[in-house]
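K.L.:
Working from the sequences, and respecting the hints, build out all of it.
Start counting the sequence shown at 1; every next residue gets the next number (the UniProt record's numbering).
Misleading hints may appear alongside valid ones.
[Said to hold, decoys possible] Below, in silico cross-link-like pairs of lysine-lysine (DSSO-like), each with a Cα-Cα straight-line distance of 30 Å or less:
(1) K121 with K136
(2) K257 with K146
(3) K146 with K136
(4) K41 with K116
[What the hints assert, rightly or not] Computed beta-carbon distance windows for the label pairs:
(5) K183 with R143: 16 to 22 Å
(6) K286 with T150: 42 to 48 Å
(7) R32 with E98: 20 to 26 Å
(8) I300 with V26: 24 to 30 Å
(9) H107 with V180: 42 to 48 Å
(10) N85 with T150: 21 to 27 Å
Treat the hints as calculated values from the structure; they're not laboratory data.
Where is the CB? At the ideal position from N, CA and C, for every residue including glycine.
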Amino acid sequence: MKVKPIFWVEGEVAILDQRLLPEKVVYIRCKRYQQVAQTIKNMAIRGAPAIGIAAAMGVALGVWKLKSARRLEERFQKICQTLTNTRPTAHNLFWAIERMKKRFYSHKNSSLPELKRYLQKEAENILEEDIATNRKIGENGKRLIKAGITVLTHCNAGALATGGYGTALGVLRAAWESGVRFKVIADETRPYLQGARLTAWELQQEGIPVTIITDSTAGYLMAQGKINLVIVGADRIAANGDTANKIGTYSLAILAKHHNIPFYVAAPFSTIDLNIANGQQIPIEKRPGKELAYLGKKCIYPQGVNALYYAFDVTPARYITGIITEKGVIEPPFKKAINRLSRRRQNG
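P.N.:
Here it is in structure tokens:
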């Protein structure tokens, strides 16, 4: 995809406003780290890997704008905390901020101009590494895509949700690039319609056939034998394989299990939170109910009716066929496999 979700330019962070797609391609030019935090919080940028990249660039931008090294560590911690407080579920956000902290403390005795360059470079490295990681995810997962099948995906786990290639859609993109031909069904994904607006837009640009359905249609199509495979992204994966993803994923996983349809999660290894034992410990973001009640500027609910909006749910590992990462496709038992890959990673 030619459009970049996020990039550093001339001492600013340019973020594609995904709320306006596909009608408009508009970039928000963030001059201050608080603006980056706001784009994360208000869903202008979304998707766990993309949120992590934005947080890293926000940290770099915050230090970039400092005029002096006075109370440097105190101000740096404030920058990090502001970005940490934006959204609670996506693990990549916290992972990226911790990585920026390590870079800061390893160079905090450098001159301020040098420190700024170190942090900018680290944020750009996170972006570049994410694209490379996504391509590896695509290569590892493309063998799952057979000619002639129909794949269901939920929300948007494509280039827009990452540095620029995609996790779940990265698998589809890699298979398509290798010559395999198939069809995709995308759930609308209420209330932001990431499937209908973003996933469909991305696939259309790649020339991959895509059909949009309402979220509640998937079960009927599965019963009709019209869905052969499900691939979704992830916002946080617990050490046992339990996976938090966009609300509605859990329901799809149960339906897929009932109909004997393989259900895969595609995510970078950095999405796995080794400090969380299971899905019950994953913090689930609860967003304002008014986000459900409005389509654009029009309220579609009767005045005075309450709306409850959880942005994510947790799919237990027992419903997941495999987790596609840059390290390979992790299969059950997930806890042992994740621990083994984690040790291998730590040992280089």
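K.L.:
Each hint: holds or not?
P.N.:
Hints, verified against the model:
1. K121 with K136: holds, 22 Å
2. K257 with K146: Given that 30 Å is the threshold and the Cα spacing comes to 20 Å, the pair holds.
3. K146 with K136: holds, 18 Å
4. K41 with K116: holds, 25 Å
5. K183 with R143: 16 to 22 Å: holds, 18 Å
6. K286 with T150: 42 to 48 Å: For T150 against K286, whose Cβ atoms are near 33 Å apart, the range 42 to 48 Å is violated.
7. R32 with E98: 20 to 26 Å: holds, 22 Å
8. I300 with V26: 24 to 30 Å: Given range 24 to 30 Å: holds, Cβ gap about 25 Å.
9. H107 with V180: 42 to 48 Å: holds, 45 Å
10. N85 with T150: 21 to 27 Å: Since N85 and T150 have Cβ atoms about 41 Å apart, the given range 21 to 27 Å is violated.
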